[in-house]
Each structure stands twice: as structure tokens, then as C-alpha cells.
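Here are the chains, one letter per residue:
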Amino acid sequence: MSDPKKQGASIVFQAVGKAFVKPGGGVVSAVDEASLTVEAGAITGIIGRSGAGKSTMLRMVNGLERPTAGKILVGGQDVGAARGAALRAIRRDVGMIFQHFNLLASRTVAGNIALPLEVAGVPSAKIKARVADLIHRVGLDAQSDRYPAELSGGQKQRVGIARALATEPKVLLSDEATSALDPETTQTVLQLLKDINRDLGLTILLITHEMAVVRDIASHVAVIEGGKIVEAGKTYDVFAAPQHPTTRSFLSGVTGVTLPAFIKGRMHDARLPGPCEEVVHVTFAGKHATDPMLALLTRDLGIAVNILAGAIEEIGTEPFGNLLISFDADKGDQARAYLEQHGLLTEVLGYVG
Amino acid sequence: MSANLIGLLIDATWQTLYMVAASTVLGTVLGLPLGVFLATSQRGELLSRPWVNKVLGLVVNATRSVPFIILVVAIIPFTRMIAGTSIGTTAAIVPLTLAAIPFIARLIENAIREVDSGLIEAARAMGATPMQIIRKVLIPEALPSITLGLTLAVVSLIGYSAMVGAVGGEGLGDLGIRYGYQRFMPDVMAVVVVILVVLVQLVQSIGEWIAAKVDKRAPKGRGQ
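Listed in order, the protein sequences are those of chains D and V. If you count by our numbering, then the first sequence holds residues 1 to 353, one letter each, in order. If you count by our numbering, then the second sequence holds residues 1001 to 1224, one letter each, in order.
Hints are computed from structural coordinates only; laboratory data are not their basis. Even glycine gets a Cβ: it sits at the ideal position worked out from N, Cα and C. Be aware that one or more of the hints could be misleading.
Covered stretches of chain D (chain V as the covering partner; in silico rule of three or more C-beta atoms under 8 Å from a C-beta of chain V) [unchecked claim]: (1) 105–113; (2) 118–125.
If we take Cβ atoms under 8 Å as the criterion, some of the chain V residues that face chain D in the derived model are [said to hold, decoys possible]: (3) 1049; (4) 1088; (5) 1121; (6) 1124; (7) 1125; (8) 1129; (9) 1137; (10) 1140; (11) 1141; (12) 1213; (13) 1217; (14) 1218.
Kindly produce the complete structure, drawing on both the sequences and the hints.
Shown next as C-alpha cells:
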């Protein structure tokens, strides 16, 4: 793209609340005292289950919903307080893409991408050049005159992304943008978002219910549950040492470390009388992720280890491993101390007789 | 059938076309904004004016509940005010238009309401004004349905136009009643009916053809 690099804007949620009035009376709180700082130029994911309030959080950033408490600052501007023309000006600085694309069926690919420029009152000669640029960026040169009904899901989302970028926004909001796509297409769309973030330096805030999306592109993550931010930080740190049970349950889906059913069924929270096995979750982070720690444990302390489940993958560029193991509960303290000493994180999940 | 009668039939056909075309155009010019407003002014919608919406809704329903033949007679003073006379083909355009406005408004309202709310949200997120959303999103997206709705309106107006003979509006319906019924000329009646059938058929086909032309929702040639 011909434009000079544009700096993204930060997004700050300050004790934000959003309450809806129910049709039959009464109030539902969708977001409650949520505070979060989204760094300028970073890709941040908000993850939560449906109904957790993540969509409301996102829609407050461009004023599609108005907060009922607290403040939202986009590049220092208070979105909740903006009205009319001032709000529309902020919205031109914030692009948005949607799960169901929301493309106009009556307009071609080029026409859809031109829409935000027409809305902004850009002269038509400029629109033409800009649209051609954007179409090229998202790799749809051959589809320029096609209608959305003739495109695949991935192509539709590329149009959505080009449209969101048309007014050169400082922030891009992604509302479950890959949830309607198959895994392969998801990867190409995520890669496109990554490239855009790198090339244009704009801030990307995305919401998702899939930890895999966060792992693949987000440098920062916030976990939302019942309208509250329960955990937030760098993706790597949250993956390596999740604090909240919700975060852990999201992680177990993506890290491939769910307990086998036959163990889960027999597991107890408290130590059993007599000989028993301790089930432990071990996290390998950074440079330790590839060390043969379990072999060393057996060699140095003579403790036999059962491997129940495990996976090693990459977050960003750093390796990251998860293992579920069990060993003799009598030697548990000793074994865990040894692993901790070598920079691994351990967590006792329970005991099996 | 005498040359005289054939002349009458041709004149009557033109009169019908004139009344229907004029009332369709006027009814659309006035019914389109009304329909768009009805579709976008409930509480929480783009133009959110819940009370005006309710009042206009009541007026539209009231107008639509009056049988057309009664409307024609009831508004004779109004017709005289607008058209300068209450008798004749041009005068008949007034009640026809008055009946067309609420009918077309409801058809347009329904067509606009069918547009996916996600598109309105996307346009709002772009920073579009309510008027831009209406002009650039809602009306173009609803165009296939609007076209079919207007086709239905034209067909209905062809039917209504047969009743304006009651106030001296001429046209095919009037000819059928005066010659076919009152002067016992069943052949005139038959020809009038045939012309009306052909007209309606033609209007319907043209309407559907245009609607298909402007409808980009289904890919062509892939049989959806």
C-alpha cells in the first residue's frame, strides 16, 4: 500500500459496565467493572464463552453499544461520550469485520470496499485507486467485479477485511471473524490479519471463543467470564501459567492435555490412604520446553513417571509444552520440587488409587 | 364488432394505462419515504420516532381498511380540490393514488425489514449517517423485494381502476360495465376481460424479470 505507516491507537477500558434492560423489566449486566488496556499496534484477543460479554466489549469500542458505567478511550478519545458527527469520525478510525461478513449482496467486491469511502465523502477518482489497492492487498484482483454470492467464505472475509481497512483506520475490531470458516481458511485469514498488523501497524482487537485463534495471532489475551475480565496478560504468560479456572478450561481444549476419561473418573481431590499416584500438570516454558526433564527426574531421583497426556507447540516464536503425568504420591513433594528447581511449573490435579 | 367499438376499446386501454401509471408513480413517490420511515422508526431503530411511527401506522391501517369504492366517493371534495374536478379520468387518479400510498408504503416497509440487520450494523460501524444507510444500504439491498412489491401494487391498481367509473373515470372497467353489462354486449365484456388478463400477465412478467435482474443474492447459472 502506498500510504505511509500509520500508528495504531490504544484502547483503554476503565471500569466499564454495560447493563441491558430486559423486555419484561429488570436489568441484565453484560459487562461489569471491566478494565483492560489494549496496547497500540498489538494484536489482542478477548476470549470467552457465548454470553460472557465479549461481543458487548467489542461493540462498545466503536460505539455500537454505549457503556452504562466507566469509560472507553480509543486513542485517548472517549467513545461513550461521543455523539453524532464526532462519533462517526471516531468510527472511521475503527474498522470492523464480522463473523457473517455483512457484505452488501447488491454490490460487487469493489463496490463493497468502496462503501466506507463513499460514506466518508471521498471523491470517486480517489475511491477507484484506493479500492484497487485494497483488492490487491487481500488478493482478490480476479474477483473485483463479482458479487458476494459468487464468493467462498474465505473470499468474503477478505472483502470484509479490505472494506474495514478502506478508511485507513487505527484500530481493527474482529467479531469472531473466523468462526464461520473451515480450519484451513481460518489459517489464511489469520495470516492476512497478522500481515496487516505488521505492515500497517494498526491495533487489532479480536474476540473469539477459540483459544487456537488467540494462540495463533494474539500477543496479548484477556479472558472474560460473566462480564468480568478474570485474567489478562501476554499470551505466552497466560498460556504458561493460567490463573483462573476458565482460562485453564479454554487452554485444555487447545493444548491437547485433557485427562483420559479412565483417569478422570477415578481421580480424588484428597490424598487416599495407602499407596496411590499423584496426577500432576507440568508446564514447560521457553528454553526448558525441549529439555528431557522426565528422563532426568527418573535418573537423578529414581522416580518412575507415567505420562498420561501431553503436547508441545509454539506460541509466537517460543516453544511451549504441556504434560499430564503421575508418580508415586509419597515422592510427590520431592519430584515437584525437582521439576520446579529446573524452571518447570507444576500443579497437582488430584490422586488416583 | 364495429370500428367504433374497437376505437372505444383502444381509448379505454390507454385510459386505464394512464390512470394506473400515474397513480403508481405518485403512489411510489409518496409511499416510498413513508414505507422507509415506517421500517426504520420504531424504538431503537435508525430514525427512532416511536410515537410518530405508531400514529402513521394507524393512519395507514385506517386508509387501507376503507373499501376502495367507498374511498372514491368519500373523498370527492378532496379530489375536486386537487384535480379541479371530481369527474373524469384525471380526477380518478386522486383516489387511486390515495389508495396506492399506504399499500405501497406497507410493501416497502416489509421489503426494508427483510434486510439483514448485520448490514445496518456494518454501515453504522463505518460511520454512516442514517440517511446514508437508507440510501446506500437499505434501499439497494431491498430492491428485488421492492420491485416485486411494486408489481403487486400495479396489478392491484389495475383492479381498482375498474371501479373509478363510479365517479366518471373511464377506462376498461368502466367500458365493460357500461357496454358489456348495461347495454347487453357480452362480446365487449369478453374483450375487456381478455385485455385486462393480458395486461396483468404482462405487468407480472416484466416485474419478475426486473426483480431477477436486480437480485444479486443467488449466483447465476448455478441453479440455486
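Are there hints from earlier that the structure breaks, and if so, what are their numbers? As far as the earlier hints go, 3, 4 and 12 are violated by this structure, in ascending order.
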